[in-house]
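Q: So the chains spell out like this:
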Amino acid sequence: MTDQDKLQTLPVLPIKNTVLFPYLLMPLAVGRPASVAAVEAALVTEDKEILVVSQRNNSVESPSQDDLYPIGTRAVIKRMSRPQDGNLEVIVLGLERVVLVRLDASGPYLQATARPLPLPTETSPEVEALHREVAELAANVLQLAQPNAPAELTRVIAAAEDPLRLAYMLASVLSLDLEREQTLLEAESQVDALRLMHTYLRHEHQVLDLRSQIASQAQSEMSKEQREYLLRQQMRAIQQELGGGNPEQADMNMLRERLTKVELPPEVRKEAERELGRLERLPNGSPEHHVIRTYLEFILELPWGVNTQDVLDIPHARQVLDEDHFDLTEVKERILEHLGVLKLNPQAKAPILCFLGPPGVGKTSLGQSIARALGRKFERLSLGGLHDESELRGHRRTYIGAMPGRIVQAIRRAESMNPVMMLDEIDKVGHDFRGDPASALLEILDPEQNKTFRDNYLDLPFDLSKVFFVTTANTLDTIPRALLDRMEVLRLPGYSEEEKIEIAKRYLIPRQLRETGLQADQCQFPDDALRHIIARYTREAGVRQLERSIGRVARKIALRFAEGKTDPVTVQPDDLGEFLGPERFNQEQARKTLPAGVATGLAWTEAGGDVLYVEATLLPDGRGLTLTGQLGDVMQESVRAAQSYIWSHAEELGIDRSLFRRYGLHVHVPAGAIPKDGPSAGITMAAALASLYTHAPVRQDTALTGEITLTGLVLPVGGIKEKVLAARRAGIKRVILPKDNRKDMRDLSETVRNEMEFVFAEDVGDVLREAVPLLTGKLKAA
Amino acid sequence: MRDVTFKRSTLIFAAAPAQAETWWQPYADVYRMRDGWLVKFELAGVRPEDIRVEVAGRRVHISGVRRDWVLEEGSSHYCMEIAYNRFERMIDLPGVERISRAGIDYRDGILLVRLSTKGD
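Order-wise, the sequence lines are chains A and B.
Take the first sequence: its letters are residues 1 to 782, numbered as in our numbering.
Take the second sequence: its letters are residues 783 to 902, numbered as in our numbering.
Think of the hints as simulated: they come from the structure by calculation, not from any bench.
Keep in mind that this is a model prediction, so the values were computed, not measured.
Heads up, the beta-carbon is just placed ideally off N, CA and C, and yes, glycines get one too.
Check each hint, because a few of them may be wrong.
Claimed, not checked - The following residues of chain B were derived to be distant from chain A, with all beta-carbon distances above 12 Å:
hint, residue
1, V847
2, R848
3, E855
4, M862
5, E863
6, A865
7, Y866
8, E879
9, R880
10, R883
11, R896
12, S898
What the hints assert, rightly or not - Heads up, incomplete: computed chain A residues facing chain B, CB under 8 Å, no partners named:
hint, residue
13, E40
14, E46
15, D47
16, K48
17, V76
18, K78
19, M80
20, S81
21, R82
22, L93
23, L100
24, L103
25, R640
26, V759
Unchecked claim - Take a look, some chain B residues computed to stay more than 10 Å from chain A by CB distance:
hint, residue
27, W805
28, R814
29, R816
30, V835
31, D874
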């Protein structure tokens, strides 16, 4: 038979949305008149055959050839009935694939000539592999899509021997869209058909997988808490089985046991019991539970009523203090005094000391020595930059992440109620919108109030009165008055050169040699070398730079030994350039000669003292007073006071008064870049002005310091020790001081006192007599 | 997301005949007789010449085609329940080694196949 013989002309039944595959039965509702006519025409044949073809577009009611797919299915009508609504219902069975050759739309229904288009049966391994794969995948998909699918369906799929039939069957089961179904129908070979089916199935599988994932995820989220609850119950059951009671109860019992063991003040015990009661009633998972538990543990960790025994051995304490620090007699005496008091009255309140001094003089380490001498614990808090009150006093427990304040935490660390607590840098406490820590310190540092200090977190009275508070500061200016008032200020002045040499020999050199691993005999620092380092490589009141410089020298020497050198090294001043590089500071040396109008003053700085010169000059045709050199208000006023004094005493001093009218006055204090202030240059100004107007130079070997009044009195000033040392460093041997500063002489070492000449002035007359030799005769006459 | 569901018109696989060229299966009764077996096929309206019977081993195989011969000009179906076109049916006799002899009778739309067997 040829293809031509197989041509058949049959009525056409166009269908929407779906495709009829060969081998498969499909019920169809037929409503369109042309379709009804086509079915009826098919039924009046002996074989009841019809062509079922899918139409491309649903909305077309009377499809033409273009609206139909070219490939359809020859089918036999198995049943037909007419339900009440006038439509036909038919069941058709797909017979074979056909391709439409010609379509005739002239009659009451569509008619087409079609040629069969069977797919050749293939038996290649590829077909078999695909067949099995598709069958397996299909079983999975069915399982996923409808776990309750009839077993028959699965069985039929598994039993299908014809791969093509399997593919068609699956196509009808899966809800594929029309286009895919048609593509499958049009497949050119069995392999193609199976591949297509495989692709569809895989897609379905992924979609279904995803869907079941989403579903199970939602379910697992719901059941997670339930699961945890279950596990907890199981754990509880296990614990009970083991005889341990339930774990939470065991936990509570442990806390309660600790609570009964610890000695607590009655008020604290009451509060702790109450919180423990609340804790027991709360479920384990509640956030409150954790908060209360932490709180209770903190209470239990605090050293309620635990005091370390003070070592009241005064010689021992003196020895400890001397070991650690050179000189500082005033401070050491004060500490020993307190020891004495404690010996007589153990209930004495601890003093609150404030060590005031420039950086590097040993304030902080002195605190440690006090703790060591007394045998107390040492705790240090740095207040520098602190600007949140809650840091000191804690946060209220209602806040999330609330913590006790630093003071109470420090007590807990110290594990005793009477440590030495050092509050470092109290002059650098800041304040902002979060509160003013300095005000919180008012309570902490007041012996009358700190017996019942209340930390916000603890919310219980806490006794700080046995704590030995020591604060440190570089300056008093930034400390609020009320706070300053609560502290006993002890000044730690800068060290003199002799003291520094002594400190270097006793503490710094041994420490640095130890750190570099050198033996004491391998490296020697003679005094003159140390003096050179102090003068040329450091400028400080303390000894930090000095220690660093010694360390550098020691390391360089250690390197030499490491490289094989064996001879001990003695550091000579001339070698220092090699060790430390070029000299860093040039000493302000006393000027050799002073012209009229220039006087030598002394200034106090945080780094010690300094020598400064006051220069005054007359301005021809000028007017008024010009001041330069960054002088502060107080210093400017003291220039005016000096000027007024000189003008008002012009006659006594033999000054031509016309000078005041004819010339302006300019006063300058180098170095111009450094701001200066304070009243202590008053007599220096007066001397400079007197010298200027009388053309009599001031003695260049004399430095002056002291405040001046309009009536010519000389008032005492501070920082005498530093100023005198600065003068001595500069090579000035004679210093004019206010008479009332004579008491400060005892701060100076014997050497300095013997070496230098001190003149104590009561009024400006004394000053000028001593400072400006040419005026001496006149003043005496006056 | 497009939901995956079965079509409402899920097909009746069981009804699909075993062979591609066969569209329906006649009902059959099988009798155990004193002297052999009798198989009855319901083949109403099928012309005897359109029936083909084959016997091989213990299998009875009938096939053929039922054509609708009530086809008058101007008539049309109101309803159709009888299956037309090709049919096929195979019956394997249980516990039989080989069918030795077969006799065929067609009466009142029923095909009777009498079978004598060896080994009985």
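Q: According to the definition I'm using, a residue is off the interface if its beta carbon is farther than 10 Å from all beta carbons of the partner; does B:R816 meet that for chain A?
A: holds (38 Å)
Q: Please verify that the nearest CB of chain A lies beyond 12 Å from B:V847's CB.
A: Non-interface label on B:V847 violated, nearest chain A Cβ at 8 Å vs cutoff 12 Å.
Q: With a cut-off of 8 Å, does the beta carbon of A:K78 approach a beta carbon of chain B closely enough for the hint to hold?
A: Since the shortest Cβ distance to chain B is 6 Å, the answer is holds.
Q: Should the hint that A:L93 touches chain B count as held when the rule is a Cβ pair under 8 Å?
A: holds (6 Å)
Q: So B:W805 supposedly isn't at the interface. Is its beta-carbon more than 10 Å from every beta-carbon in chain A?
A: violated (5 Å)
Q: Next item in the hint list is A:V76. Is there a CB on chain B closer than 8 Å to its CB?
A: At 5 Å from the nearest chain B Cβ, A:V76 passes the 8 Å test, so the hint holds.
Q: Please verify that hint: A:K48, Cβ, nearest Cβ of chain B, below 8 Å or not.
A: Result: holds, 5 Å to nearest chain B Cβ.
Q: Confirm or reject the statement that B:R848 sits farther than 12 Å, beta carbon to beta carbon, from all of chain A.
A: violated (9 Å)
Q: Is the nearest CB of chain A more than 12 Å from the CB of B:E879?
A: holds (27 Å)
Q: Next item in the hint list is A:R640. Is there a CB on chain B closer than 8 Å to its CB?
A: It is violated, given that the least Cβ distance between A:R640 and chain B is near 92 Å, above 8 Å.
Q: Should the label of B:A865 as a non-interface residue stand, given a Cβ cut-off of 12 Å to chain A?
A: Violated, since 6 Å does not exceed 12 Å.
Q: Decide, holds or violated, for the assertion that all CB atoms of chain A are farther than 12 Å from the CB of B:R896.
A: Given that every Cβ of chain A is farther than 12 Å from that of B:R896, nearest at about 31 Å, it holds.
Hints 1, 2, 3, 4, 5, 6, 7, 23, 24, 25, 26, 27, counting from the list given before, are not met by this structure.
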